[in-house]
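Participant: Make a model of the complete structure from these sequences and hints.
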Amino acid sequence: MKNGLFIFVGAFATLALSWAGVVLTAHNQLGGLTQYKDPVDDALYPQPLSGLANQGRLVYQDLGCVSCHTQQVRREGFGSDVGEHSRKWGQRQSVARDYIGEGSVLIGTNRIGPDLRNVGTRYQDAEYFYKLLYAPETKFAGVPMAPGMPAHKFLFEVRPVGSVQASHQAIKTLPDGTEVVPTRRAQALVAYLLSLKDTYEYPEAKPFVESAEKKEGH
Amino acid sequence: MNSPDNSRLHPAAARDRSEQQEIDASAKWPVIVFFGSAILWLLIGGALQLVASIQLHTPAFLADCEWFTHGRVAPAAQNALVYGWGMNAGFAFTLWLMARLSAAALRSGGWLFVAATFWNLGVALGIAGILTGYSTSYELLEMPRFVSLLLLGSYLLIGVWAVTTFSIRNTEQVFASQWYILGAAFWFPWLYLVARLLLSTSPVGGVVQAIVNVWYVNGVLNLWFAPLALAAAYYFLPKILGKPIYDYYVAVIGFWWFAICSAFAGGARLIGGPVPAWVATLGGVASMLVIAAVVIIGVNLLGTLSGNFAKAQKSATLRFILLSIVGFFLASLLNFALSIRSFAEIAQFTFISELRDWLLLYACFSTAMFGAAYFFLPRVTGKVWRAPVLISAHYASTALGILALVAGLFAAGWQQGQMLNDANVLFPAITQTLIPWLTFRSVALMLLSIGHVAFLINFVWIACPINSQSTAAATIENPPELEAHKA
Numbered sequence: 001m002k003n004g005l006f007i008f009v010g011a012f013a014t015l016a017l018s019w020a021g022v023v024l025t026a027h028n029q030l031g032g033l034t035q036y037k038d039p040v041d042d043a044l045y046p047q048p049l050s051g052l053a054n055q056g057r058l059v060y061q062d063l064g065c066v067s068c069h070t071q072q073v074r075r076e077g078f079g080s081d082v083g084e085h086s087r088k089w090g091q092r093q094s095v096a097r098d099y100i101g102e103g104s105v106l107i108g109t110n111r112i113g114p115d116l117r118n119v120g121t122r123y124q125d126a127e128y129f130y131k132l133l134y135a136p137e138t139k140f141a142g143v144p145m146a147p148g149m150p151a152h153k154f155l156f157e158v159r160p161v162g163s164v165q166a167s168h169q170a171i172k173t174l175p176d177g178t179e180v181v182p183t184r185r186a187q188a189l190v191a192y193l194l195s196l197k198d199t200y201e202y203p204e205a206k207p208f209v210e211s212a213e214k215k216e217g218h
Numbered sequence: 001m002n003s004p005d006n007s008r009l010h011p012a013a014a015r016d017r018s019e020q021q022e023i024d025a026s027a028k029w030p031v032i033v034f035f036g037s038a039i040l041w042l043l044i045g046g047a048l049q050l051v052a053s054i055q056l057h058t059p060a061f062l063a064d065c066e067w068f069t070h071g072r073v074a075p076a077a078q079n080a081l082v083y084g085w086g087m088n089a090g091f092a093f094t095l096w097l098m099a100r101l102s103a104a105a106l107r108s109g110g111w112l113f114v115a116a117t118f119w120n121l122g123v124a125l126g127i128a129g130i131l132t133g134y135s136t137s138y139e140l141l142e143m144p145r146f147v148s149l150l151l152l153g154s155y156l157l158i159g160v161w162a163v164t165t166f167s168i169r170n171t172e173q174v175f176a177s178q179w180y181i182l183g184a185a186f187w188f189p190w191l192y193l194v195a196r197l198l199l200s201t202s203p204v205g206g207v208v209q210a211i212v213n214v215w216y217v218n219g220v221l222n223l224w225f226a227p228l229a230l231a232a233a234y235y236f237l238p239k240i241l242g243k244p245i246y247d248y249y250v251a252v253i254g255f256w257w258f259a260i261c262s263a264f265a266g267g268a269r270l271i272g273g274p275v276p277a278w279v280a281t282l283g284g285v286a287s288m289l290v291i292a293a294v295v296i297i298g299v300n301l302l303g304t305l306s307g308n309f310a311k312a313q314k315s316a317t318l319r320f321i322l323l324s325i326v327g328f329f330l331a332s333l334l335n336f337a338l339s340i341r342s343f344a345e346i347a348q349f350t351f352i353s354e355l356r357d358w359l360l361l362y363a364c365f366s367t368a369m370f371g372a373a374y375f376f377l378p379r380v381t382g383k384v385w386r387a388p389v390l391i392s393a394h395y396a397s398t399a400l401g402i403l404a405l406v407a408g409l410f411a412a413g414w415q416q417g418q419m420l421n422d423a424n425v426l427f428p429a430i431t432q433t434l435i436p437w438l439t440f441r442s443v444a445l446m447l448l449s450i451g452h453v454a455f456l457i458n459f460v461w462i463a464c465p466i467n468s469q470s471t472a473a474a475t476i477e478n479p480p481e482l483e484a485h486k487a
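Those sequence lines, one after another, are chains A and B. The numbering used here numbers the first residue of the first sequence as 1 and each following residue consecutively. The numbering used here numbers the first residue of the second sequence as 1 and each following residue consecutively.
Since the hints were derived computationally from the structure, they do not count as laboratory data. Note that the Cβ used here is the ideal one computed from N, Cα and C, for glycine as well. Where hints are given, some of them may not hold.
[Claimed, not checked] Okay, the calculated beta carbon distance ranges per label pair:
1. B:114 with A:203: 17 to 27 angstroms
2. B:149 with A:8: 17 to 27 angstroms
3. A:31 with B:153: 24 to 34 angstroms
4. B:153 with A:177: 51 to 61 angstroms
[Said to hold, decoys possible] Straight-line distance between alpha carbons at most 20 angstroms, and here's what the computed DMTMM-like set of lysine to aspartate or glutamate pairs gives:
5. A:197 with A:179
6. A:172 with B:64
7. A:153 with B:66
8. A:88 with B:422
9. A:131 with B:422
10. A:131 with B:66
11. A:131 with A:179
12. A:37 with A:204
13. B:239 with B:16
14. A:88 with A:76
15. A:153 with B:64
16. A:206 with A:38
17. A:88 with B:345
Facilitator: Shown next as structure tokens:
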């Protein structure tokens, strides 16, 4: 090869082809996905996040939760995400339609911590998440929470207890007359985590028959 | 540069050599500025990486400081290493090698310094942005949106000089290293621009974002970092051994095959993900096909090396280049393995997938840049390395650190994956089991950092203008003349 132009054009064509073949094709196929209208109750799924949960999504993004947590449930029979003898990280695999309403899609690449796509179905108690964020190394209802997770104490405010009684939001009162109260960001983040539940069964999310047969074989 | 070999060369060769010295000297300040900033970022990124690594086995470490929470430190470290160390080092190497191979002096005026300033400003602002909470959380694109123009603008300013130097070349042939450099120089800005446009400026919807993200991550690793490492291997092996590339005529097939397959391989990272199955399948097929290119490249490089191994071990540059070649093979192999479904079922989402990217960025690319620097810094400054013992220390810590991290991360990841797939193992138990491995990882990273410090000391000695005398014995001999590269 002696010709610089040839290298240039070839390099351009290579990348343009892969862009067209991967990104553009995927966009053509998935970019038009819309909410699914339930034939029975006429509701649209997935439902959009509430305002507070959407703010929480931004907190999730700025704290880099995606460094350790995925938000994608693999299909039954591939890993141990869903199914009978599994971690029960959801009722079904994640599908493209689950993500269409999200401003930034952070499906993640690391499972240093558990998958969070359906964490809102596993724990429905905001108090659990506050305690988890404040002191993950402790126990909740006698069960260890997440000893490997860093605490996020900066999402909480320590302030003197008011004259009469502790705030209803306080997750903890300390002996020196102060209480630990979640900040607005913590509230938003917890609202977001509670909202994470893909429970609606889209037609495309029905499990493959093949994987059911495979299970019997085991 | 007073080369002791000059006297032994015949007059024409001596004239060529003095021309080459002029060309090397023309690249002096750009190379020192880019490589100096690269080493600083290497130390900063290494320190951040160590913090993030310690946090995995000691979660309380710096946890109460919001700026240093693990979710921010980890991407900050990765960005410092990719854009701070990797790109700056790549610029220094590219500009120098392009000038040399084109037999044309680097005439950039002051523009390269302007570009270097803005590039490093962009990286610094981007990392500060990640630490202070403006991360986008897209892998390798975590830097806040506003730095994209700074980075892209300075990149173009740098790329222009590499391409200009190429276009005024005084050579007939275009050598393999130049293909890889030109390819990389063209690919990065397109990848970056498209990814930024489709993720930040006018975001695509839903999981297409994830597809764009893996397309970019795979692209920047395999179409920027890998080509530069290969350019170094293709240049230094024949240069220092004094022997043309073995079976050079297949190199061109290897180049195009590698480029085309690598460009399509990104989708394999989404195996089992919420994307259409063809995305992962196409990526997987491409990751397998790329092995053919790796074999061709292997024939070229190992064929050149065969019978000369002892000779190669005598050169500091080639010792690092050999590490780089091994790193390249391992990275390709792991990439291939991770595109096989049954392997991905266990290894995906574990430290093994982290190992894949680290292998390419560090074991393949960074070692190539270390090796290259041991060759070009004495030549552009006209001085010799002052402390050969520090070179040995750097090499020893790099080789040991790489060995430890490859073995450690693979073993840890495999165990992690098996436990993740066994629903009977509770999550806290996985964390507990991995702690010894993660501690081991921190120790290995410290070992690498020791090498970086040794490298920095030597760099300061050779780059500092005050130190005008060369005191130690030259560690790199003048390479034999190289003839007959036919494209």
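Participant: Hint by hint, note whether the structure agrees.
Facilitator: Now for the hints, and whether the structure bears them out:
1. B:114 with A:203: 17 to 27 angstroms: violated (57 angstroms)
2. B:149 with A:8: 17 to 27 angstroms: At roughly 24 angstroms between Cβ atoms, residue 8 of chain A and residue 149 of chain B fall inside 17 to 27 angstroms, so the hint holds.
3. A:31 with B:153: 24 to 34 angstroms: holds (30 angstroms)
4. B:153 with A:177: 51 to 61 angstroms: Since the Cβ atoms of residue 153 of chain B and residue 177 of chain A sit about 55 angstroms apart, the hinted range of 51 to 61 angstroms holds.
5. A:197 with A:179: Violated, at roughly 31 angstroms.
6. A:172 with B:64: holds (17 angstroms)
7. A:153 with B:66: holds (9 angstroms)
8. A:88 with B:422: holds (12 angstroms)
9. A:131 with B:422: Not OK: residue 131 of chain A and residue 422 of chain B at ~27 angstroms, beyond 20 angstroms, violated.
10. A:131 with B:66: holds (17 angstroms)
11. A:131 with A:179: With a Cα-Cα distance of about 13 angstroms, the restraint between residue 131 of chain A and residue 179 of chain A holds, given a limit of 20 angstroms.
12. A:37 with A:204: Within the cut-off at roughly 13 angstroms; holds.
13. B:239 with B:16: holds (15 angstroms)
14. A:88 with A:76: Within the cut-off at roughly 10 angstroms; holds.
15. A:153 with B:64: holds (6 angstroms)
16. A:206 with A:38: OK: residue 206 of chain A and residue 38 of chain A at ~15 angstroms, within 20 angstroms.
17. A:88 with B:345: This hinted pair holds, its Cα atoms lying about 16 angstroms apart.
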